[in-house]
Every structure is written in structure tokens, then in C-alpha cells.
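Participant: One letter stands for each residue in the lines below.
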Amino acid sequence: MGDFHHNEQEPERFRRRTLLAGMLVLLAFLILFGRFFYLQIIQHEYYATRAESNRISLVPIMPNRGNIVDRNGVIMARNYSAFTLEITPSKTLGLEETIDGLSEIIEIQLKDRRRFKRLLEESKNFESIPIRTRLTDAEVARFAAQRFRFPGVEVKARLFRQYPEGTLAAHAIGYISRINTKDAEMIEASGHTANYKGTEHIGKVGLEAHYEFELHGTAGHEQVEVDAGGRAVRVLSHTAPIPGNNLTLTLDTKLQAVAEQAFGGRRGSLTAIDPSNGAVLGLVSSPAFDPNLFVDGIRFDDWDELNNSPDKPMLNRAIYSTNPPGSTFKPLMALGALTTGKRAANQAIADPGFFNFGNRRFMDDKVGGHGSVDMHKSIVVSCNTYYYVLANDMGIENIARFMGDLGLGRRTEIDIPGEATGILPSAAWKQQRFKKREQQKWYAGETISVGIGQGYNAYSTLHMAHALANIVNYGQVFRPHLVHTITNPTTGEIRVVEPQPIRQIPLKPEHVEVIKRAMAGVVKEGTGSRAFAGAAYESGGKTGTAQVFGLKGGQKYVAGRVGERLRDHSWYIAFAPVDKPRLVVAVMVENGGFGAQSAAPIVRQVFDYYLTGKLPGGPAPEVDAPEGDGNTELLEEAHDEAH
Amino acid sequence: MKLIKRIIRGILAHLDMPLFLIILALMGIGLLTVYSATASDGFWKLDKQLVNMALSMAVMLLVARTPPQTLMRFAVPLYALGVILLLGVALFGIVVNGSRRWISLGIVRIQPSEIMKIAMPLMLAWYFHKHESMLRAKHYAIASLILLVPIIFILKQPDLGTSLLIGAAGFFVIFLAGLPWKVIFGLGALAGAALPFAWTMLHDYQRRRVLTLLDPTSDPLGAGYHIIQSTIAIGSGGSLGKGWLKGSQTHLEFIPEKHTDFIFAVFAEEWGLLGNGILLILFTLLIGRGLMIAAAAPTMFSRLLAGSLTLVFFTYAFVNMGMVSGILPVVGVPLPFVSYGGTALVTLMLGIGILMSIHTHRMLVKK
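Protein chains in written order, with our numbering: chain E, 23 to 665; chain U, 6 to 372.
Chain E on its own, in the form it takes in the complex:
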């Protein structure tokens, strides 16, 4: 360890070491300078770009969503501006504390908190989420005075969707609600991602959904300089958004209101179409809901109530709920018989009150039968036997082909989403529908119950109104549609949804006349006569009853004996005036009993309003059921045979 003893050399060694240290200092500083040179000269471009992209942020500006008005200009959907209190969770010091603090100056109910929690779960952390909407001016002022206490909380002026007519035509109009993951995927798949950057809401149901990309508009954007916290410091450039297109509907809110009121809260649906062009004037699904509830995130209890109600108010029955059409199927069958040449109008059968097929007996509901029945009378009195025989003669394939031509068993392509195809039974359909071999076989007996609109048949009121419109229009088919024109509010350009006939069904006008006269006969002297007593116009119609509850053989269906939910569904299809039909209506009232009882009086009120301007005093009354419509027991036997 001799090195430790050279004390006399100490100053010299100190100087050497100091010099060495100085060299190391220089070296270290050279390294630093090299690093600066690398960053500031060699990599300058790269870092300059990074700094720019740090600095500049493209902020999308939401376009105004298009308005929706009915054919007379009544506003169905519009936007209004209101203040919301919004929280960006990532910027708060503590979410719970922030909300508690806010509730001291602004009323925040438990409902608001619950909704906030739900939105929070659906959202990303850096989004701002409303805790309260529609602040009053006083509330805005109170918050402004204390806002320094609440980092991450802002009052924002936002446009809200509003449906001024509330529940009126709610299923047709639909609603908008916050974009969820599924919507985002749809937006991406359709290539609209860029345009939806600042958009928070999207049409979920009805026209709002179908015409989403018309209504939405084109987002504008601002180039803003932002700080590290994402706050805009100043605007560098501005591109204005282009507002969405406005929709003018074919819907007539007055007719719609009359029709909705006519239901008086009963479950069911109605479709009213102008046969000359396919314009939908009324589309009722009862009961309805208030679309305004959904706009800023539906509250939990409201959602619970809508979702769990046994009346299923969210279901759009007019397009989605399908049921056997019962006797309303008969005029269609009759036209099919004429068109396929299986019957002449004046050809009559003798109705003994039943039809024997194999070892089965299909019953007419009039004991002893209707006597001699030709086609006109078969419709007026709703004779089952006539159609048992007819169906048997035509065969299921002919029936299916003709009804398919009329538009049944397929989507009508109406311009709202969620339409059901319905069921048009045929051998091929059954083969596809069932898995087991023995179930796949079509039995001739099944054809017979199809002939009177029972069996596997299942259609919506839209289907039935569409088919009847096609008939009274002599086979010219229009796509049912709710939108008449699409207006660009910026250019004023108007696009008319041109009602082009999409196809022609080969129907003979003289055959159509037979059916129209027979249906007029139903109203004049048949099953519809009581509901239309004293009408100031001539209309044609047909009642129908769809069975809900299977009775054992030999039991007679008595409405009072079965529970309300097990009562038959009541159908009525109609057109008016007979000479030159302006309106075709199909109505189905769930558990409404006979067709003439519940459904026909609703159509009476709609026709009264549309053709004479008469407004009804209240919901449509129930009319005592005349005979000639029920066929329950017989159907039971047909079912027995089918299975």
C-alpha cells in the first residue's frame, strides 16, 4: 500500500487529477453537445413534426341533424339548443367528490347519477359525459360562479333532438340515442368514421335509423391550437359543417292521431297506405313510447318500465308482429281463384255447413251452412266451406305462388328497419322450417286451413295493407314508403322519393272488380255492416279473426270464458272509396275478439276522418259481433290433422 505515502507529491497529484477531471468534464459536455446536435439538427424535421402534431388538433364540429316533418309540415323531430353540465372523468380530481360537490349547487337527482354511471360504463375515459341536461339560466350562473372548484366540469351548449309530438308515430319516427359499440362498428363498416368523429348520437329505430346518413349531415372541423390538457388555445382555421337533409313524410299526423286514439290503449297495429303510390299515411303500433326519453340517455327506471311492460310498447307491431290474418285472407284467395282460373265468380257451391276431407270434418261456423254460395256471397258472409273446397282445389303451391305475387311472405322494403318477412306457408317453406323428416312433409289437410287464413299463415298489418293496395291498384305494386321528399337545407334542392311502380302483378281488372264489389258487400250487408252503418262514403272491407287459444274439439268459443290475453285477435282490412280508392287500411287488435267487433270500428274512424274530415269523440267503440266470422273449432280439427 505504498501508494498512500507520497504526501510530498500531494499538490502535484492533485493538479494531475484536477486536469483529468477537467478533461472528463469536457468530454461529458461534448457528449451532451453531440446529443443536442443529433436532436436539433439531424432529427430536427422529425421532432418539428411531432411538436406540430402536438400543437394542432382537428376538432370536428357536429352538423345540425335534419328535421322531420309530416306531409302537412307538422314538425316530428327537430333540434334545440340547451345547456348541459358535463364531466370529463379523466380530468377530475375525484369523480364521486366532484358529483357530490356539484349537487350542492345544482340539483342532481339519483336518476341523473344512475344515468351518468351507465353512460360512463359505455364511454371512453376522455369523453365528457353529461351529468345534468337542460340547465336553467340560474343554474348556469350558479355553476359559472364556482367553476374553479370543479376541474374537468364544463357547461356546454348542445343541440338536443326533440320530438314535439311525443308518442305520436313514435315507432315510425324512431329515436336517436348515444352511439354504442355496435353502432360504431356499423359506422366504420359503411366508411363514415371520419364524418362521425364528433357525433355522439345516432338513429336507432325507425326513420331516424333508416335515413341516418341523410339526416346526419357533414361534419365541419376546426384546426385549433391545443395545450397539453387538450384545451383549445386559439382557432387556426374553420370549416363549417353542412347540416343534414330534412325529411318530409307521407305520414299524415292528423290521420295518425285519429288512428292512435281509436285504439284507446288496446294493443295492436294499423297500416294506412295510399294505394295509388304506396305512400304510408298512418303507421300505428299501440301502445307507443315517448322517443324523447332516449335522447340524452334513457333513465334506468324508464327503460325498465318500457322493457318489462307486458304490452311491449317498444315493439313495432305494424311491421314486426305477424299473425294469421283469418278471414281477411278470403278476398285474396278468391282473387287467386279467379286469376288461376280455378273458379268463376258465378260458380256456386252448396254449403252443408262442413267439408269432409279424408276422415276429418272441417266445420263452417254457421250450423247447417249458408246454402248456395257463389264467390260474392262467400266473401260477404265469410263462408268457410267455400274456401275449404277452393283451397283443396287450388293446392298449396298455387296459393303460395299467388300470395307471394301479392307481396305476402316477403319484406315490403318499407323505409324503416326491422320488418318481418311473415310466413307464407308452402311445401318448400315447411321443408326448410322443420328439421325432423316427419315434420317436413306437407299434408293436404294443412292446405285447407291455410285457405281460410289460419294455419301457418302469419302477416303484419303492413303486409295485409300492402297486398290489398296492390289489388285495388289492379296489380301495380308500389313500395310502401314514409318519406315523400328529402330536402337539402343548404342548396334548397328537393329530391322526391318518386313512387315508381316496382312491378306488375298479372291481374285482370274484371277480377279485381268482383273482389271490390264483394268487399263493398261486406260493408253494406255483411260482417262489416254494423261498424259502417250510416257512413257517408262507400267502402269495401273484410273482417277476420285469428285464433290465439286452442279449444278442444266440440267446445264452442265464447269470448267471455277465456282470459283477456287468450281472446282472438281481431282483423279488418279495407279500402275507400270503392270507385277510386284513396286509402287502404289494415288493422289488427290483439285479443280484440271478432274482426267486426274491435278492428272494423277503428277503420271506420280513420275513413270518417280521411274522407269527410270528421274527428271522432274518443276511442273506437266495440261493436257487437255479428255472426259469420268465427271458425275456431274447425281450425282446431285442422290443427289436429296437421300434427
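Because the hints were derived from the structure by calculation, they are not lab data.
Where a beta carbon is used, it is the ideal one built from N, C-alpha and C, also for glycine.
Among the hints, a few may not be true.
Only some residues are given here: those of chain U computed to face chain E with a beta carbon under 10 Å [what the hints assert, rightly or not]:
hint, residue
1, Ile233
2, Ser253
3, Ser330
Which bits of chain E does chain U cover? Going by a derived footprint, with three or more residues having C-beta under 8 Å, they are [as the list claims (entries may be wrong)]:
hint, stretch
4, 52-59
5, 62-71
6, 244-250
Selected chain E positions facing chain U (in silico; Cβ < 7 Å) [what the hints assert, rightly or not]:
hint, residue
7, Arg35
8, Phe36
9, Arg37
10, Arg39
11, Ala43
12, Val47
13, Asn76
14, Arg77
15, Ser79
16, Pro82
Place chain U on chain E using the hints.
Facilitator: This is chain U only, laid out in the frame that chain E set:
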């Protein structure tokens, strides 16, 4: 009149002009940059920094007038006080941001590790000075012990930046005192071998800092954010900078701690490579002058003290600029004479005062 003249002459007598001018230049840069960095918060920080500067200047002048022999008398008491206070911190310290660095002495809160920054080189320089005539291995061992005790306390707080600075100050004294090269290399090899163990001793946040340094992009929103944003600031400054008050990274708040530890990023963004070069030259001059003073110092105590303090200034500057430009891990070390903050400035100016004292008293000692 005479009195004023005497006072001025008295002040000037113990003022080292080159050192003083360099410090003034650095402080000027500091003021400009603090002004830019705090423009958005109002200028009260600038006012406070001016007060800090005046105060630290007074401390410097006071110390400069104090002869090194007197300073030597403070070595042991100051060191002992520092260790006792550090013990107090470990036992009753106040936790701020997860670190136990402060102790409350009734009215004031102090950070004893700050005292150690001066006490450590003072103590070691005194120790070697005392045993100047017969330095043996055991003296180096004891010196190491004197160094390690407070370092361990400070590492435990935890405060990596300060322990690094104090460790460096002590090491420089021992190194300049003549620690044999084979011991230095031997210890270096040992330290290399001990690295894996040290790794397990580090706190989570310290490990994260090291890992983040190796790959800042691995955690762009968390620990890597600081480094990424400060390198963007430096790189985007280019050769001549964006101009004073025009740094977008600075004024849009992308740079964290922009008036304290990361003030260099602000400076580099606005003044570019040219500014950085000037800053490096100023630090080089400062250190060069300090080492000259050390080399010219008459006693072992003043030599070691001056050399060590000068190299500590270097450590400050190098570690700070290294971390802000992304070649060293982020440790809490300010840029000397530039960063905002009173305590650090007073400590630094105390060091400058000692350098001046050593230099202006050298003739007196020789006589």
C-alpha cells in the same frame, strides 16, 4: 461617502470577477427562461426568483468574506447537525409526494439533505486536511464511511437526485485526495457486480425511470411522457430555436416541471443549438474557473473543497441536461443557476461563495 467606498472595496476585495460574471450570465439566462416558462401563470414566480437571486447573492458575498479557516471550523458541527437531522427525518419526517424528505422544526420546515450538499465536501475536505501528513488506507475507509452514512439515509427517503449529488461531492473529495487508481477500478468492478442487487433495492418508481429511459415510448402517457415531450421540445428547437416566448411545447404546457427541473427543454426549444452551445460554454467556463481556483488553492482543505464543489456544479449541469435530453434517467436535479427555486440557488451560491473565499484569501494564507 468613505464608508460606502469602504464597503464597496470590501465587497470587491472578495469577489472573483470571472466567476461572478459567469454566474450573472447564467442567472440572466435563468431569468429569461423562467419568464418564458411561467408567462401563463403571471409573473410572480419571476419576482420571487429575483428575490431568491438577491438573497443568494448576499449569502455568496457573506461566505466569500469568510476565511477558509473559519469555514473549516463549521465542517464537523455542520456535518453532525446534518446527520442528526437526517435521522430525525427518518423517524419523524413529513411525507410529501411519497417521499420523506422534510422535517418540521417548530416554525420552519427544512430539507436536511440540502445542508449535506455543502456539509459533505466540507467535512471530507477537513478530514483529509487534518490527516494530510500521513494518509493511509484507513483514512480513505473512514472517509467512505463519512460519505455513506448520510447517503443511505437520503436514499431511504427516497431521493435519488440528492443522494447522487451528495455522493458525487464526497467521491470527488476522496478522488482528488488521491484515492489510488486500483481501488477506484476495484470498486468500479465491485459496483458493476453489485448492480443486480442494487436493482432489487430500488423503489418501483426509480426502476420505472430507468426502464423508461431505455425505451421512453414503452409508456408514452405515463413515465415516458416527460422524456418524450422534452426531447420533442429540444429537437423541434432546431439550430436557432423558435425564438424567445415562442416555444409551442413550452407555452402549450407539454413540458412538465418546465420552470424547475425541465427548464432546459424550454431554453433549448426557444434558443436552439446555438443557445445550447452558449450554455455549455458558460458551464465549461464556470467549471474551468473553479478548477483553476482549486489548483491555485494553498491548503489541502481549500483545494479539495474547491475541486469537489466545482465538480458538483458539473454534476448538476450534466445530469440535468442529460436527463432532459433523454440520455440519463429522470432524477430530480435542477439546472444550476437557471432553474427556478430558492433553496437550490442558495446552496449553489454558498458553494460559489466558498470558491471566492478560497481564491481571495489564498495570499493571506501564504503570508
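Participant: Each hint should be assessed against the structure and marked as holding or not.
Facilitator: Against the structure, the hints come out as follows:
{"no.": "1", "hint": "Ile233", "in the structure": "holds, 8 Å"}
{"no.": "2", "hint": "Ser253", "in the structure": "holds, 5 Å"}
{"no.": "3", "hint": "Ser330", "in the structure": "holds, 5 Å"}
{"no.": "4", "hint": "52-59", "in the structure": "holds (count 6)"}
{"no.": "5", "hint": "62-71", "in the structure": "holds (count 7)"}
{"no.": "6", "hint": "244-250", "in the structure": "holds (count 4)"}
{"no.": "7", "hint": "Arg35", "in the structure": "holds, 5 Å"}
{"no.": "8", "hint": "Phe36", "in the structure": "holds, 6 Å"}
{"no.": "9", "hint": "Arg37", "in the structure": "holds, 5 Å"}
{"no.": "10", "hint": "Arg39", "in the structure": "holds, 5 Å"}
{"no.": "11", "hint": "Ala43", "in the structure": "holds, 6 Å"}
{"no.": "12", "hint": "Val47", "in the structure": "holds, 5 Å"}
{"no.": "13", "hint": "Asn76", "in the structure": "holds, 6 Å"}
{"no.": "14", "hint": "Arg77", "in the structure": "holds, 5 Å"}
{"no.": "15", "hint": "Ser79", "in the structure": "violated, 10 Å"}
{"no.": "16", "hint": "Pro82", "in the structure": "violated, 20 Å"}
The structure shown violates the earlier hints numbered 15 and 16.
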